[in-house]
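Using the sequences and the hints given, assemble the complete structure.
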Amino acid sequence: MVNLPSRSELAAPFRSKEAFVNFVKAPESADGHTRVGSERWSNKDLEPTPLEHRNWTWYNLPLYWFSNQFSLTGWNTGSSLIAVGLTWQQSFASCVLGALLASVIVVCMARPGVQYHIGFPVLARSSMGMYGAYFFIFIRAIVCIVWYGIQTFYGGSILSVMLRCIFGSSWENFTNTLGANADISSKVLLAFFIVWILQFPFMWVHPRNIHYVFTVKGFTMPIAAFAIFGWCMANGGGINGMNIASKEAETAASTTPLGWSIMSGINVIMGGLSPMLVNQPDLARYCQKTRDAGPFQGVSVFVSSVIVFFLGLASTASMQAVWGEAYWNIWDLLDSVLDHHWTPGARAGVFFLALAFLLGTFATNFGANSIPFGSDMTGLFPRWLTIRRGQVVCAILGIAVVPWKLMANAQAFLSFLGSYNIFMAPLCAVIIVDYFYVRRGNIHVPSCYDGSKHGLYHFWSGVNWVGCLAWILGTTMGLPGLVGEYQPQLLTDASRYMYMMGWLLTFVTAGVVYAVGVQFVNIRVFPAGRGMVKTWEWLAKDGREGFFDDERDGQVIYVQSSPVTEKSEVEVKMGTKGDDGSL
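If you're matching positions, the sequence shown starts at 1321 in our numbering and goes up one per residue.
Keep in mind that the hints were calculated from the coordinates and are not lab data.
Just so it is clear, the structure is predicted and the values come from calculations on it, not from any experiment.
All C-beta atoms in this analysis are idealised placements derived from N, C-alpha and C, irrespective of residue type, glycine included.
Treat the hints loosely; a few may be bogus.
Derived CB-CB ranges, DEER-like [what the hints assert, rightly or not]:
(1) Ser1656 x Trp1378: 34 to 44 Å
(2) Ala1666 x Ile1517: 22 to 32 Å
(3) Trp1704 x Phe1522: 16 to 26 Å
(4) Ile1543 x Trp1856: 36 to 46 Å
(5) Ile1462 x Val1619: 23 to 33 Å
(6) Lys1773 x Tyr1532: 42 to 52 Å
(7) Thr1796 x Trp1643: 36 to 46 Å
(8) Phe1868 x Phe1513: 51 to 61 Å
(9) Leu1498 x Ser1656: 18 to 28 Å
In silico lysine to aspartate or glutamate, EDC-like type, Cα no more than 20 Å apart, as pairs [unchecked claim]:
(10) Lys1725 x Asp1503
(11) Lys1364 x Glu1865
(12) Lys1507 x Asp1659
(13) Lys1773 x Glu1359
(14) Lys1609 x Glu1372
Rendered as structure tokens:
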């Protein structure tokens, strides 16, 4: 039963200025729990997930990945490689290698979240500093807005196909009042806003409860994807048709070496997966046990990615052999099916397939875009915004990115995916190296909410400049190629090849620079006065979850009144061994 607010409750926030300010302020802590840190750095959604809210178990994240990959993004990414000239063999090799790499990164990025039950904004503080984290939170928030708009456009395009199945020529001949340079028709624009309205109520669903949607989608989406694949194999060129290279592929093969073509494909695959890689802590924090976000999740990433990429590119190549055109996105493929088979059975089949993909788009938008954006907003404005409020902001701003411009053609889509790589891959590298190599898996959670100058993660003026330098140098490796994507006349062969391996190049560069950089500075692993050397993930074991044994939930965080300068007490430098020989 829904309990509606009374008239007096609705009027209460407007009775005084103080009442209104208290109303718009974010709740300071979860129900029944004392806040960790000040309101400047904390609210109920930023704090470690309480035990009673950890309701994700061993199958939720694997089903999340199956639901996410068996989606429009997963299908379009694989099939778009065919459209820009790669053969299906090159495309599939790229998919396998990219999915294998992604499965490893997913497990690594999820580890801090599941061990300490903190989201990305808090984790970023431990790697980039209390103030340095703001920049990287902002970058991810911008990308979430863009992807929210793109996913909504996906949904609008799919809804347009569904409406054509229902209304036939009436919808197909819908008067278009937009010019050709708009890159969208009036009917698709209308469908876009309908989808936006349908999604909006879900912005109030808290992420701890969204796993039910992923569970349902994880079972329904594979059925829809295999149904389309089976139809394309039966009615297209089939396996033999897949061996027919397009003219674009033949041209590409003659101008670009095979290895670089595959590297380019890997870069595209990682671009499609990058948002979910960075978002891992925001989902893993709700898991009950460490293994719930462990290797089994990585296997599910690899298997689901390879399957859906193959289904997408195989279906595209099969129908290209018959129709002579590579339909790289699913709605164009379904529209073409209706063009060639306008029968009651075809209309019904296409409608239900499109409905499955539409519902899948909703779930992907929540898990990969609106929830991470909401989490970012709690990190940027903890006093005023919660995850729910942030999701509402994301939905509103998602309209402003004009996503249909990004989706005008396959090359524009791939350029967008590639540009995202060079910013997010270095960030993943710094976080992974910092957690696994520098800190040996030890994060002092109370210090993540301590912005004082003596705080553990204050570093230098609130910024970990070594991490920022590593990110800048990693990003720089991909910038020439990114410029060349939009200004081809400025692109040399060397910069073009560098851009083809953008994800790997920027990731490795940032990781190596950070690992080398920390050799010349002393990164404190534990707070002042807590300098005893600990083993791997000591702060995560035996129920500590980032707190020392004498620290309790709700206690004022440990802050040394004056900095202790004895290196043996406050610093754990790389290469220093404890009495037991551990690092």
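Verification of the hints:
1. Between Ser1656 and Trp1378 the C-beta distance comes to about 41 Å, which sits within the given range of 34 to 44 Å.
2. With their beta carbons about 29 Å apart, Ala1666 and Ile1517 fall inside the hinted range of 22 to 32 Å.
3. Look at Trp1704 against Phe1522: about 22 Å separates their beta carbons, and that is inside 16 to 26 Å.
4. Taking the beta carbon of each, Ile1543 and Trp1856 are about 42 Å apart, inside 36 to 46 Å as hinted.
5. Against the hinted window of 23 to 33 Å, the Cβ-Cβ separation of Ile1462 and Val1619 comes to about 32 Å, which satisfies the hint.
6. Checked against the hint of 42 to 52 Å, the C-beta distance between Lys1773 and Tyr1532 comes to roughly 44 Å, which is consistent with it.
7. Between Thr1796 and Trp1643, the C-beta spacing of about 43 Å keeps the proposed range 36 to 46 Å intact.
8. For Phe1868 and Phe1513, the hinted distance range of 51 to 61 Å is satisfied, since their beta carbons lie about 52 Å from each other.
9. Checking the proposed 18 to 28 Å range against Leu1498 and Ser1656 shows it holds: the Cβ atoms sit about 22 Å from each other.
10. For the suggested pair Lys1725 and Asp1503, the alpha carbons sit about 6 Å apart, so the restraint of at most 20 Å is met.
11. At roughly 17 Å between alpha-carbon atoms, Lys1364 and Glu1865 fall within 20 Å of each other, so this suggested pair holds.
12. As the CA atoms of Lys1507 and Asp1659 are separated by approximately 17 Å, the hinted pair is consistent with the 20 Å bound.
13. A distance of roughly 17 Å separates the Cα atoms of Lys1773 and Glu1359; the hinted pair therefore holds under the 20 Å criterion.
14. At roughly 13 Å between alpha-carbon atoms, Lys1609 and Glu1372 fall within 20 Å of each other, so this suggested pair holds.
The earlier numbered hints are all upheld by this structure, with none contradicted.
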